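Residue numbers for the sequence shown follow this note's numbering, so the first one is 1 and each next one is one higher.
Restraint-style ranges between C-beta atoms, simulated for each label pair: (1) His-246 - Arg-72: 18 to 24 Å; (2) Gly-137 - Ile-194: 44 to 50 Å; (3) Thr-164 - Ser-97: 40 to 46 Å; (4) Val-236 - Met-119: 29 to 35 Å; (5) Gly-96 - Val-248: 36 to 42 Å; (6) Ala-125 - Ile-194: 22 to 28 Å.
Simulated from the structure, these hints should not be mistaken for lab results.
Since we're looking at a predicted model, the values are computed, not measured.
Just so it is clear, CB atoms sit at the ideal spot from N, CA and C, and this is done for glycine as well.
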Amino acid sequence: GTLVRDVTVVACTALVALALAAATLRRRAGRLPATARHLLVLIPVAVTVAAVVATVVTVGDARAYDATDDARVDGDALPIRAPASGTLVGWATAQGSVVREGAPLGYIEMPGAFARARMVVRAPADGTVVLTDATEGDYVATGTTLAVATDLTRVRVTALVDETVADEVQVGQDVDITVDAFPDQPLRGVVGSIQRSTADATGPLPAASATGEFQKVTQVVPVRVTILDGHGLPLVPGMSADVRIHRVPG
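Just need the whole structure built from these sequences, with the hints factored in.
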């Protein structure tokens, strides 16, 4: 609606400007040649046609897709935690490190009366480390997250869809994906799952106004999109993306 209105305003402004220019030119130059008169007619017609085409395309896209640019590449977090309290030793895990399930990544050295016992820190699953929060020599408590890994071969896109159109989204719908880092390589996907609550459902209640009424804010619903073919692109969780969810005809 807003875009259609803007296109209409631009087209009308262009027509008025051309009409004023033509009137001024006639007053200064007298009767115009036939070619010039034809151009003064054709130019407004061309502008009008272009505006109509843009409007039709915009309205067609709005009816065919649910689009959002509030999306990002996502993946399942695999936290690597300290198995005991003590000093972290033998830790060389860095961002980008590839880990294998069960592989030792370091040790927790626990102080004892006569000897220092060690417990192994192991990778919970295959993946690539995307975040590390610990360094050699740190004292950590049991359960402390030392790093986070994810399986980069199974990344997806999480899109935040306006609640007003969320009911139209269904599992299995086709999705067009454009990752900001790779704008010339569009990807295809399908809706994998839809969260049945808004992104802020577990957050605080909305602020109350001076009249005691809640401030109404449009919410968004997280939609997980399965990428059908990543074309070998190095997709990493956190990358921004645009998505267009194909509407089901009906």
